[in-house]
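J.: Mind docking chain B on chain A? Use the hints.
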Amino acid sequence: MTPKPSDESTGLPGLRTWRSVYTLVLITFAVWVVLLIALTRAFS
Amino acid sequence: MNGLDYAILLITILGIAAYGTWHTRQRRTFSTFLKGSGDTHWFVIGISVMATQASAVTFLSTPGQGYVGGLGFVQFYFGMPIALIIIAAVFLPIYRKLNVITAYEYLGRRFDMKTRLLGAVVFLLQRALGAGLTIYAPAIVLSKVLNWPLSATIIGSGLIVVIYTAVGGSDAVNATQKYQIAVIFAGMVAAFVILIVNLPAGLTMSDTLTIAGAMHKLEAVNFSTNPGLRYTFWSGTIAATFHMLAYFGTDQSQVQRYLTGSSLRESRLGLMFNAVCKIPMQFFILAIGVLLFVTYQFERPPIYFDQVGWKERTAQSDTAKTHDIDARFSQAHQQERQELQAWVQARHTGDHAAEAVARSAVMVAHEQVEAVRKEARLAVDPHDKRNDTDYIFITFILDHFPHGLIGLLVASFFAAALSAKSAELNALGSATIVDFYKPVLKPNASEQHYLAASRTFTVFWGMVSITFALCLSLAENLIQAVNIVGALFYPVMLSLFVVGFFMRRIGGTAVFWGGLTAQVVVLLLFFTVPDSRLSYLWYNVIGCLVCILVSAILQPALKTPLIPSPA
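Residue numbers (this note's numbering), protein chains in the order written: chain A, 116 to 159; chain B, 7 to 573.
Just chain A, same shape as in the assembly (with noise of 0.2 Å):
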């Protein structure tokens, strides 16, 4: 049985610490809004 990971350990691939995870999720929003800045540039 492969074991539980722990507290301090994401269980993500490739994503090893919650430093790298919430970078991610910056970059994530990061890129929704040059996306939303586009679309209004785009159509105003």
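It should be emphasised that the hints constitute simulated quantities derived from the structure, not laboratory data.
Here the structure is a predicted model, which is why all the values come from computation and not from measurement.
Don't be surprised by glycine CBs; every beta carbon is placed ideally from N, CA and C.
Do not rely on the hints blindly, as some may be mistaken.
Stated by the list, open to error - Which stretches of chain B does chain A cover? Using the computed rule of at least three CB atoms under 8 Å from a CB of chain A, they are: (1) 225 to 238; (2) 283 to 293; (3) 432 to 439.
Claimed, not checked - Estimated spans, in silico, between C-beta atoms of each pair: (4) B/Gln340 x A/Leu130: 53 to 59 Å; (5) B/Phe532 x A/Gly126: 18 to 24 Å; (6) A/Gly129 x B/Ser212: 34 to 40 Å.
T.: Same frame as chain A, now just chain B:
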């Protein structure tokens, strides 16, 4: 709605409620009623957090917000990823380490009993008011579907939710939320597809976006620094971060959701799921509103979307006058449609000069339509304190959806209402028991007694929220009204925790008075400064800073002994 719709509605709602009750039938202790069983997977936590925030209000009112104000409201959610990261990194480990049932328990351990009670009282006050608002959403749907007065449907839908919550508790909410949210998303996707299919013949997606853009519905990001503008990039990323920190980090209705996780990891991932998904989700719902707007430029909408309210009010006034408004509205709308068709034709032929002329003519015609609509609003309420935007989406559903799908979507609104409302009532009951009843009134009673008392308080708060809803007349649309009520009390709630977490040398008495001062300042701002000069989102920042400042100034003067920090 026909028989098929009613059958789908009944089966869906009863099925969800019955499953929740069955699923949690053997978990009936005081602790599991309040906290859940503590074995919840991150995805269920994520859905539960999402469903608690995305109540029926979101699905009913946000398309109306998109119809009236365009995509700009999406900026309100810009603070959410930042806030959820702070909560996952700072707030959550402390709550889990202390194994608290309510967030306000932390205040008691870090400061003192009076600060804990202040946090709990402010929460109870704002959440009871908020619960009064969220009960509106299913009531509006019922009022529209059954053609009943709103007051009757508020009582009816309110009682259903109260019974559901009092019987099921926290686990029942969690157990069924994933199904409820699935029903909701199915309904929203169906709405989106039907809107796209229903666009007038010859109107391309590019035409649709151009029309929406020309009428300022696609201004998703605004960099204005005017604090009177509600939704800008700055209010979204700065002020809304404070708002979201308070809502997700200190509002028991949310804290209770993610504390049900089996580990810190599950709770964190549940929060990160929301941090990633919320902005696209809100964008999608607002986009439905924008599509509705374009659709209703080519198809005559009701002059006032709350048709029951319109008939009630106009029956009391001059019939000739209302008929005249209605006729002028038809005429103005017909004119606008013709101008729009001319504009689209000019776009397709590539005649830029004709396109510019047609575009100007559309703007003039649109202003005329809006002027007549305003006359209609004033005929319903001379003080213009009522609005019909919450009725826009449900009107479209009932007029355009095939039978069966209408039942599914109405069921989805009810499901969302059940989720959010039951989570709110559950949290109100929990905070009353854990922060007042148990420590102050009845410290040494049995588990069974507390479980029974929890249910009694859940019913009590349900009745309070129904009564509040009956007394309301909304000038704002629902989604904004809910956020405004939050912004009146969240600054104090948040600031107590911020001082607790980050200012280790400040004690209970200083922060208590700091919190009270901040509450007075926020209420003064609300009642004295017009919204056009200072938007409600900034109360979160100002209130929080006032509390921090007053606490820091008072602490040296008070010379009270500090309790060692619990975490």
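J.: Each hint should be assessed against the structure and marked as holding or not.
T.: Against the structure, the hints come out as follows:
1. Taking a C-beta to C-beta cut-off of 8 Å, the segment 225 to 238 of chain B contributes 4 residues in contact with chain A, enough for the three needed, and the coverage statement holds.
2. Counting residues of the segment 283 to 293 of chain B whose CB lies closer than 8 Å to any CB of chain A gives 3, which reaches the minimum of 3, so the coverage claim holds.
3. Figure legend: the segment 432 to 439 of chain B, annotated as covered by chain A; annotation inconsistent (0 residues with Cβ-Cβ distances under 8 Å, at least 3 required).
4. Distance hint check for B/Gln340 and A/Leu130: the Cβ-Cβ separation is about 57 Å, which falls inside the suggested range of 53 to 59 Å.
5. Range check, B/Phe532 to A/Gly126: about 44 Å between beta-carbon atoms, so the 18 to 24 Å window is missed.
6. Under the hint 34 to 40 Å, the C-beta atoms of A/Gly129 and B/Ser212, about 38 Å apart, fit the expected range.
Violated hints, in rising order: 3 and 5; the structure is consistent with all others.
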